[in-house]
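J.: Okay, here's what each chain looks like letter by letter:
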Amino acid sequence: MIANGAEDEEKWLAAGIAGLQQNAFYMHRALDSNNLRDALKYSAQMLSELRTSKLSPHKYYELYMRAFDELRKLEMFFKEETRRGCSVIDLYELVQHAGNILPRLYLLCTVGSVYIKSKEAPAKDVLKDLVEMCRGIQHPVRGLFLRSYLSQVSRDKLPDIGSEYEGDADTVVDAVEFVLQNFTEMNKLWVRMQYQGPAREKEKREKERSELRDLVGKNLHVLGQIEGVDLDMYKDSVLPRVLEQVVNCKDELAQFYLMDCIIQVFPDEYHLQTLDVLLGACPQLQPSVDIKTVLSQLMERLANYAASSSEVLPEFLQVEAFSKLSNAIGKVIEAQPDMPIMGVVTLYSSLLKFTLHVHPDRLDYADQVLGACVKKLSGKGKIEDNKATKQIVALLSAPLEKYNDIVTALKLSNYPRVMEFLDNATNKVMATVIIQSIMKNRTQISTIDKVEALFELIKGLIKDLDGTFDDEIDEDDFKEEQNSVARLIQMLYNDDLEEMFKIISTVRKHILTGGSKRLIFTVPPLVFSSLKLVRQLQGQEENPFGDEESTTPKKIFQLLNQTIEALSNVPAPELALRLYLQCAEAANDCELEPVAYEFFTQAYILYEEEISDSKAQVTAIHLIIGTLQRMQVFGVENRDTLTHKATGYSAKLLKKPDQCRAVYACSHLFWVCDQENLKDGERVLICLKRALRIANAAQQMSSATRGSTGSVTLFVEILNKYLYFFEKGNAQITSSSIQSLIELITTEMQSDSTTPDPATNAFFASTLRYIQFQKQKGGAVGEKYEPIKA
Amino acid sequence: MNFIVGAFKPPCIVSISFADGRTRKQVPLKKENGHTVMVPLFQSQENIVGEVLIEPIHGKKLEHTGVKIELLGQIVRELDVPGELYEKKTYPFEFSTVEMPYESYNGVNVRLRYILKVTISRNYVSNIVEHQDFVVQNYTPLPSINNSIKMEVGIEDCLHIEFEYNKSKYHLKDVILGKIYFLLVRIKIKNMELEIRRRESTGSGPNTYVETETLAKFELMDGGPVRGESIPVRLFLSPYELTPTYRNINNKFSVKYYLNLVLVDEEDRRYFKQQEITVYRLET
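Just so you know, the sequences run in chain order E and H. Sequential numbering of the first sequence, starting at 1, is according to the working numbering. Sequential numbering of the second sequence, starting at 1, is according to the working numbering.
Take the hints with a grain of salt, since some may be wrong.
[Claimed, not checked] These stretches of chain E come out as covered by chain H in the derived footprint (C-beta under 8 Å, 3 or more residues):
no.: 1; segment: 295-302
no.: 2; segment: 626-637
[Stated by the list, open to error] Calculated pairs, BS3-like style, for lysine-lysine (alpha carbon to alpha carbon, straight line, at most 25 Å):
no.: 3; chain 1: H; residue 1: Lys-117; chain 2: E; residue 2: Lys-59
no.: 4; chain 1: H; residue 1: Lys-188; chain 2: E; residue 2: Lys-54
no.: 5; chain 1: E; residue 1: Lys-721; chain 2: E; residue 2: Lys-645
Think of the hints as simulated: they come from the structure by calculation, not from any bench. From a predicted model like this one, the values you see are computed outputs, not experimental measurements. We treat Cβ as the ideally placed atom computed from N, Cα and C, and that holds for glycine.
The task is simple: from the sequences and hints, build the whole structure.
T.: Next comes the structure, spelled out in structure tokens:
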């Protein structure tokens, strides 16, 4: 059915073109022989093809263009006729003898063009006559094309300023009047098109109309180009007249298109000076008109205009552009109760961009916009509509992009209130955007107020929001988010230590609400941030203000203790253990023995109660040993307790090699080089011997179970420990004991049952080389090594 | 052969010429046989002056009982007493200030002609007769009163229009200006045209014949207007072959002109309103 329709249309078009060409042929013959009578007859017949009602606008256009070309030739002929002595006035009458109106008016416009050029009558009179006579075509499509033809042929003949057709007085007014009238009539025809034909083809018609819109809009372009339309004239007549037509036509398509046209065609300066009028029209448009796009365009243009030159800025202030736009938006939203939320937000988003560009110094304006938006959204709950959400994100991103500084945005009290309307997922995205902005611009967030505000903004990341289910969240996304929060925590910094402490407390307060999944990401940066503060406090005079309330390392450590404790509930004992040890070390540096002891205690408790995986245990024990070794703050008793425990843990590790390594590592706990009171050679030796025993047992166990001996690596490692303490002057370690250890290793390596291990061999070989090297050094060291035979 | 041919040929050539024949305006006249000839144009009260030339066929004797010329139906002039003609002879004639109040008219059922008729009367054989048509047109001064035609018409709840023609009396080269204003449109109008119709009535009483011809169909509007539209009218009369309005010519006939405004809807129904206009001949 539809295909047939299209086919038929092709046929009709072909027939129309054929008829047109045939008559054009006879017309050409008449033109060639200067036969005016025949020329008129055949041209009228040719133009009769345009009387068809069977073609869609698209196809009709094709036919029209052919006729248009032919009419150019006819116009040339008319011009020559007048040169040959035929009066143009007679010609003007003659063409009006045609019985059919459409050909008659096309011919009239064509002669009219020649008439104006001849200057035998004022251009304005001819134009006025033409535009009046064209009223005879009330058929929308035919009328639109005819008037479009009129507009086309008159384009270069308007009596505007500087034109050769300029008349005596008020000549621009005439030109404007002509274009306005043609515009008005064309728009009426265009709108009327919608109501012609059956209702079921409404959509098709709408599409066809859309194709024709530029015919109407062209008039506005012409208006925009008329020389001499100054601001006053634009304000007093052009704009009101155009708007009157736009408002009165009550047609959605036309109103949207024409408003857009007005905005695009006339200079920004005019828009600025006529904002009242232009904006006043907006609430009067049909409720279905996509006014948000129109206004957005306007604001965007004005913003660009403001950006173009600083000289124009006073104009914006003078006309109070912001408050006018703001009012207008409010009214439009009221006038269009069915406007989707997306539209509302888009409007505010555009207004915000406008004010950010035009009044970057007026943060209160930006906040007003956000506030107005909140007001309009209130009661709507979380916004579910995807597009609306996108717009809210755009709205919220605008200040970030403009200022590149979240601090500015934090001053916007309504900012978080707008964020409330985002659904949880988008809220998080927005929060991430904010964090990224901070990272990118290395923004320093340095006061507690800002931190509070910031955490309010990103609370979607900080804690579970209502209605979020774990299974909705992608693991990787979650990690990504939390990592960015972790980075953010590092960015919060103030040189003022008091303030910094407050910041830390605030952050702590917020992150502790985050639940177990988040703590493992957020606690470490907080801990390190705090430790950094501790070190800074250390650098200062003790208690600089003598104030009880002031920040002390002790206070911070208390806080840290509680913070890390939260981690153990997660549970994340390994992480908590590391952090305890870090704190202990910091406390050591502050010479706070009880604090450090407490941290160790916590770490030990975790080790004993929570860390059950053997691998984790190994890692933990080495961390403990390493940290403990560096602790200088402990008195003998405390230290003994802690080292005793540590060695005990070491010996209880599951695997023999692990036991062995932990035990020989413990030897360092009894020998701290720069502390004379911490050099207990005997206990070092006990540790090493114990390690040897374990290594031996390990060796036997592995040969028992696997049928071949394990590696002798452990022995070589212990040998190295021996060498270390030997060199450090531990009298308990003698050259003979080293010698016997070397022999033991050599024997083991040569044993048949041992599977050769290249790594171990190399290790042993380089150890021996080291001994050789030390010997050759000579002096005290060389002497010391002398007895050892490698 | 010649003898036989000669026997049927008229024995002489009769021709009528006008004294100012070379300068007088000529107008076309359609004859009964359909051919158009150019004939001189006169108006009332003019002198009709000329000559009749009678030329016998080479030396033949033409006997006659008298020669006369008549302006048909009205005036007779004796040109010659009975006698014989041997060679060509010219008879001047003159009808002075002839009253010709009616214009020549060539209608459907009626023709008004002016003819000069020369008769050479003969005994025993038929008279020799020659005709010469001429045309009379009379001019009317500009009418002192010439009101516009303005009227509101309509069909209730369907269509209301108001039309206005700038005058009620138009001369033959005049232009009708006006506008059609649509007050109410509830039908789908396809187009609108203005017709010029001529109504010729002949006879009287029960024997009256009325003949109506549409002389012009002039499209005023293409497509359907909405309420409030006003459509201009500009119709040049010169292309159409109009005559002045003739009212009761000698109790024989009358010719009247009407403007017929026709609206056609999409179902090809026609809505029309006819208004008489007076057409007159203005001296140019």
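J.: Give a verdict on every hint.
T.: Verification of the supplied hints:
For the segment 295-302 of chain E, the assignment as covered by chain H is violated, since 0 residues bring a beta-carbon within under 8 Å of that chain's beta-carbons and 3 are needed. With 0 residues having a Cβ less than 8 Å from any Cβ of chain H, the segment 626-637 of chain E misses the three-residue criterion, and the hint is violated. With a C-alpha separation of about 66 Å, the suggested pairing of Lys-117(H) with Lys-59(E) is violated against the 25 Å cut-off. Distance hint between Lys-188(H) and Lys-54(E) is fulfilled; the C-alpha atoms sit about 17 Å from each other, no more than 25 Å.
Distance restraint check for Lys-721(E) and Lys-645(E): the Cα-Cα separation of roughly 21 Å lies within the 25 Å cut-off, and the hinted pair is therefore satisfied.
The structure is inconsistent with the numbered hints 1, 2, 3, although it conforms to all the rest.
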